[in-house]
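A.B. asks: Please work from the sequences and hints to get the whole structure.
The numbering used here applies: residue 713 is where the sequence shown begins, and numbers increase by one.
Not one of these hints is a red herring.
Derived EDC-like pairs: lysine to aspartate or glutamate, alpha-carbon spacing no greater than 16 Å straight-line:
#, residue 1, residue 2
1, 911, 738
2, 911, 807
3, 863, 877
4, 860, 877
5, 860, 738
6, 860, 849
7, 863, 738
8, 863, 874
Since the hints were made in silico from the structure, they are not lab data.
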Amino acid sequence: PGEIPRPRTIKMVRARPSQVRAPTWEQMDACVHACTGWQTQVATVLRYTGLRVSTVMLLEWRDINLEHETLNLRCEVVKERTGRLIPISSHLCTEIAGWGTREGYLIESGRKKGPRHRMVRARDFARAWDRAGVPAEVRTMPTHAFRKGFKSRMLQDGAHPDAVDFLQGHAFAGGSRGRYIDISSLNLEATVARIPRIKDNGNSVRLHLIGSG
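C.D. replies: Now the structure itself:
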């Protein structure tokens, strides 16, 4: 008497994850062209790197080496214990070379100074995807869709999965891979060389009827 009964365990039915649908290079290009102002620069870096938008908004000019085509991802930018140095596409370097005064943040936000000054609003990118005519199912997370698209299309084009994971900051598949793989063996420079150039706006088309590939 007076004892508290043991709690009953309830078997939870796990929901089956939905199949990932990712945009194509062409669909991402269309979104880049549909962006306006400083958000076009954000979309451009997302498309060429597959990085998180929060990381992109914290990049500074000191992190970019246009001559050597590298990006220094400081630990305070990627929120990891250690940062990493990655090669970046020569196409991105060509784009960046015409930006700004080469001091301070790489991308100057058009938002008012304050707590959200460096934040990108998802709804602004959702509207850009809409203007580009890209199907909703391939860009359910407006900025993260570039991250999905980058990984999916790089793998589709034959890039090594571990190389793509390292570039994007994903942990290697399997607990031991990150401890045993020499990064130099991944040939990261050749990997980023696979990234196609963003098509000129005159060559882009609306993509209402184009699937995710």
